[in-house]
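Colleague: Listed here are the chains, written in short residue letters.
2 protein chains.
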Amino acid sequence: MKYSPLFWPIELKGNAICILDETKLPQSLTYIKAINYRQACKAIKEMKTRAVGQVLLVMYTFLLESRKRNTPLSKVAEAINATRPTLSFKFLTDMVLGWGKSGAPLEDSIKGFLGALKEARIRQAKEASHLLEDGDAVLTHCNVSGLLPLIAEFCRRDKKRISFFVTETRPYLQGTRLTAWELNRAKINNTIIADNMVAQVMFERKIKKVIVGADNLAQNGDIANKIGTYQIALLARDFNIPFFVLCPPPSGAETGYDIEIEVRPPKELLEFRGRSLAPTGAKAYYPAFDITPHELITRHINLNIVR
Amino acid sequence: MKYSPLFWPIELKGNAICILDETKLPQSLTYIKAINYRQACKAIKEMKTRAVGQVLLVMYTFLLESRKRNTPLSKVAEAINATRPTLSFKFLTDMVLGWGKSGAPLEDSIKGFLGALKEARIRQAKEASHLLEDGDAVLTHCNVSGLLPLIAEFCRRDKKRISFFVTETRPYLQGTRLTAWELNRAKINNTIIADNMVAQVMFERKIKKVIVGADNLAQNGDIANKIGTYQIALLARDFNIPFFVLCPPPSGAETGYDIEIEVRPPKELLEFRGRSLAPTGAKAYYPAFDITPHELITRHINLNIVR
Chain A
1 MKYSPLFWPI ELKGNAICIL DETKLPQSLT YIKAINYRQA CKAIKEMKTR
51 AVGQVLLVMY TFLLESRKRN TPLSKVAEAI NATRPTLSFK FLTDMVLGWG
101 KSGAPLEDSI KGFLGALKEA RIRQAKEASH LLEDGDAVLT HCNVSGLLPL
151 IAEFCRRDKK RISFFVTETR PYLQGTRLTA WELNRAKINN TIIADNMVAQ
201 VMFERKIKKV IVGADNLAQN GDIANKIGTY QIALLARDFN IPFFVLCPPP
251 SGAETGYDIE IEVRPPKELL EFRGRSLAPT GAKAYYPAFD ITPHELITRH
301 INLNIVR
Chain B
1 MKYSPLFWPI ELKGNAICIL DETKLPQSLT YIKAINYRQA CKAIKEMKTR
51 AVGQVLLVMY TFLLESRKRN TPLSKVAEAI NATRPTLSFK FLTDMVLGWG
101 KSGAPLEDSI KGFLGALKEA RIRQAKEASH LLEDGDAVLT HCNVSGLLPL
151 IAEFCRRDKK RISFFVTETR PYLQGTRLTA WELNRAKINN TIIADNMVAQ
201 VMFERKIKKV IVGADNLAQN GDIANKIGTY QIALLARDFN IPFFVLCPPP
251 SGAETGYDIE IEVRPPKELL EFRGRSLAPT GAKAYYPAFD ITPHELITRH
301 INLNIVR
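Those protein sequence lines, which keep their order, are chains A and B.
Last residue of the first sequence: number 307 in our numbering, and the count goes up by one each step with no gaps.
Last residue of the second sequence: number 307 in our numbering, and the count goes up by one each step with no gaps.
What the hints contain is simulated information worked out from the structure, not anything from laboratory work.
There may be inaccurate statements among the hints.
If chains are identical, the list can't say which one is meant, so a pair holds when it fits in one copy or spans any two.
Here are the simulated lysine to any residue pairs, SDA-like style, with alpha carbons at most 20 Å apart [stated by the list, open to error]:
id	residue 1	residue 2
1	Lys126	Ile261
2	Lys283	Thr191
3	Lys68	Asn302
4	Lys206	Phe239
5	Lys208	Gly98
6	Lys24	Ser163
7	Lys283	Arg161
8	Lys208	Asp158
9	Lys24	Arg273
10	Lys118	Gln219
11	Lys159	Glu107
12	Lys24	Glu271
13	Lys118	Ala79
14	Lys24	Gly274
15	Lys267	Thr191
16	Lys68	Ala104
17	Lys68	Asp136
18	Lys283	Arg185
19	Lys90	Ala186
20	Lys187	Thr280
21	Lys24	Phe272
22	Lys24	Arg275
23	Lys206	Gly112
24	Lys206	Tyr257
25	Lys68	Leu106
26	Lys13	Asp158
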């Protein structure tokens with residue numbers, strides 16, 4: 001099986017964590033090195049990696065710092081927890097601190113978790129592939145870290161041809177830069193649309209299913225995901241199109257509305273590659289995530305990490 | 001009354017039609033000159049001007065060519081009709097050809113129409129202002145050619161303070177470049193959002209009303225407008241938010257679905273200022289307009305041109 005670079009975007013090589021710089025894609029496939037937890041946290045804050053990349057980065061950061069034994073792991077956990085509000089890092093860092101306290105060798109625990117995570121993600125892609133039929137066109141938003149090419153590969157093995165519509169996903173254009181890129185690499189038919197074209201392509205009956213990822217799964221099945229997911233879910237309901245979510249493990253949040261939505265700097269919306277798009281003095285509002293309530297989700301495709 | 005440059009973006013000066021180049025905004029306020037109908041049609045095709053600007057350009061083009069008497073006006077009409085499919089130029093060009101046949105001096109007919117159009121637009125803005133209440137935040141999409149600052153000005157006279165949320169409107173960013181620009185010039189509070197944030201700001205109860213324009217009004221009240229309008233209308237219905245449309249005169253189309261949707265080149269979505277956003281070989285789909293059915297429109301604010 002050949003994986004997208006986005007499927008496992010972080011590796012630990014010697015004393016350095018190698019982080020796929022997703023902000024440089026699709027122009028170049030570059031890895032950043034982090035040699036301590038501060039550099040790792042900076043990469044998270046600057047959104048160099050996202051979603052599963054962040055989980056991997058957290059794990060490799062603990063692995064690195066536990067080998068060095070310079071910094072108490074509780075301090076590493078604190079720094080990680082402080083990076084981004086919407087994401088459930090506390091759940092992960094508590095888990096690692098728990099392993100540390102259990103007396104088992106921490107390195108084994110982390111490596112065991114990472115191995116189980118990889119297997120679980122492959123099973124998750126396989127389960128998703130079973131929800132698709134030959135000829136389906138699937139709308140997706142943002143990027144689901146290498147899972148879509150894997151889903152398409154499982155479909156191919158089952159002799160089902162599928163294709164994708166990819167929203168460009170403003171302002172970071174993860175759809176155009178990451179999803180279309182990894183699908184093209186894997187030679188999977190895909191078409192980019194702007195975020196404002198969703199209703200139109202649904203109206204034209206071009207979309208048979210929606211599949212998105214999630215940054216945070218609440219206990220009640222609500223999800224937090226990249227801004228724009230919520231309105232796609234509402235539109236899918238209007239057009240009676242199944243809406244599937246590739247979920248992370250549930251977080252500590254009881255409902256989606258217990259998850260704080262990160263509001264990011266307006267200039268991320270008003271500038272593009274350092275050049276201003278907007279008139280001088282323009283104001284903007286940039287909530288980076290939104291909550292899709294469980295009622296709008298046809299099926300949760302869970303990540304079952306068995307260790 | 002001070003108007004936005006977008007309220008009347010075309011003027012005839014001597015032998016040249018001066019066309020506000022909307023693609024250069026907000027960086028510079030530049031006018032292109034067209035000295036014959038071919039150059040005018042080129043400006044339409046390249047989307048240098050839109051909406052009411054196109055109506056004015058059609059009128060001034062006939063005025064210019066009728067003075068020169070080199071080209072039969074039927075040929076001018078044909079060239080104009082062929083520029084863009086979604087827009088109802090035939091309605092306009094038929095009207096002018098009709099005036100030509102009536103025996104009345106064509107120049108007087110055109111000038112009379114333009115004067116009546118200006119008055120009608122001012123009345124339209126006034127009528128819209130009566131639908132707004134003190135404190136209203138109004139979501140808008142794309143650009144309504146100078147009408148929003150005018151609406152805000154009428155509200156100000158009635159001691160009502162209003163503000164706007166402006167969708168950036170990919171891929172041409174008319175919201176960011178034109179609407180935020182003209183509102184800022186008139187010192188009207190406005191906030192830019194990405195097209196994928198509409199449901200979220202509605203969910204946060206930040207939006208009290210929606211006001212958009214229309215490129216084409218069908219006989220049954222359906223409208224064609226910039227891509228993205230339809231999904232905003234669907235979301236407004238979901239959130240029970242009134243959806244108002246500043247309409248042009250009705251076209252010949254019986255329903256919205258009789259209006260052909262213009263599909264524009266993918267590179268307009270995949271490139272930005274000549275630089276590629278997407279991976280090599282990326283595909284895109286760019287329907288430039290969509291149809292909002294009349295059931296989703298709370299109120300049509302009509303343009304009543306009385307001559």
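Colleague: Taking the hints in turn, state whether each one holds.
Modeller: Hints and how they fare:
With identical chains, the CA atoms of Lys126 and Ile261 are never at most 20 Å apart, being 31 Å at best within one copy and 38 Å at best between copies. Taking identical chains as interchangeable, the C-alpha atoms of Lys283 and Thr191 lie at most 20 Å apart only when they sit on different chains, with a minimum of 5 Å there against 32 Å within one chain. Taking the shortest Cα distances, Lys68 and Asn302 never come within 20 Å of each other, neither inside one copy (35 Å) nor across copies (72 Å). Taking identical chains as interchangeable, the C-alpha atoms of Lys206 and Phe239 lie at most 20 Å apart only when both belong to the same chain, with a minimum of 11 Å there against 26 Å between chains.
Within a single copy, Lys208 and Gly98 get their C-alpha atoms no closer than 43 Å, and across copies no closer than 48 Å, so neither meets the 20 Å cut-off. Within a single copy, Lys24 and Ser163 get their C-alpha atoms no closer than 25 Å, and across copies no closer than 37 Å, so neither meets the 20 Å cut-off. Taking CA atoms no more than 20 Å apart as the test, Lys283 paired with Arg161 passes between copies only; the shortest distance there is 18 Å, against 45 Å inside one copy. Taking the shortest alpha-carbon separations for Lys208 and Asp158, only the intra-copy value of 18 Å comes in at or below 20 Å, while the best inter-copy value is 49 Å.
In this assembly of identical chains, the alpha carbons of Lys24 and Arg273 lie at most 20 Å apart whether taken from the same copy (11 Å) or from different copies (18 Å). With identical chains, the CA atoms of Lys118 and Gln219 are never at most 20 Å apart, being 23 Å at best within one copy and 58 Å at best between copies. In this homomeric assembly, Lys159 and Glu107 never come within 20 Å of each other (Cα to Cα): the closest approach is 41 Å inside a single copy and 67 Å across copies. Proximity of Lys24 to Glu271 under the C-alpha cut-off of 20 Å is found in both arrangements, the shortest distances being 16 Å within a copy and 16 Å between copies.
In this assembly of identical chains, the alpha carbons of Lys118 and Ala79 never lie at most 20 Å apart, being 25 Å within a copy and 61 Å across copies at closest. For the homomeric pair Lys24 and Gly274, the shortest alpha-carbon distances inside one copy (14 Å) and between copies (18 Å) are both at most 20 Å. In this assembly of identical chains, the alpha carbons of Lys267 and Thr191 lie at most 20 Å apart only when taken from different copies (12 Å versus 28 Å within one copy). For the identical chains of this complex, Lys68 and Ala104 are intra-copy neighbours only, at 18 Å inside a copy versus 92 Å across copies, given an alpha-carbon limit of 20 Å.
In this homomeric assembly, Lys68 and Asp136 never come within 20 Å of each other (Cα to Cα): the closest approach is 50 Å inside a single copy and 58 Å across copies. In the homo-oligomer, the alpha carbons of Lys283 and Arg185 lie at most 20 Å apart only across protomers (13 Å), although the nearest pairing inside one protomer, at 38 Å, exceeds that limit. For a Cα distance limit of 20 Å, the shortest separation of Lys90 from Ala186 qualifies neither inside one copy, at 35 Å, nor across copies, at 47 Å. Proximity of Lys187 to Thr280 under the C-alpha cut-off of 20 Å is restricted to the inter-copy arrangement: shortest distance 12 Å between copies versus 42 Å within a copy.
Within a single copy, Lys24 and Phe272 get their C-alpha atoms as close as 13 Å, and across copies as close as 16 Å, so both meet the 20 Å cut-off. For a Cα distance limit of 20 Å, the shortest separation of Lys24 from Arg275 qualifies both inside one copy, at 16 Å, and across copies, at 14 Å. In this assembly of identical chains, Lys206 and Gly112 lie within 20 Å of each other by CA distance neither inside one copy nor across copies; the values are 42 Å within and 46 Å between. For the identical chains of this complex, Lys206 and Tyr257 are inter-copy neighbours only, at 17 Å across copies versus 32 Å inside a copy, given an alpha-carbon limit of 20 Å.
Taking the closest pair of Cα atoms, Lys68 and Leu106 come within 20 Å of each other only inside a single copy of the chain (13 Å); across copies the shortest separation is 87 Å, beyond that limit. For the identical chains of this complex, Lys13 and Asp158 are neighbours neither inside a copy (36 Å) nor across copies (68 Å), given an alpha-carbon limit of 20 Å.
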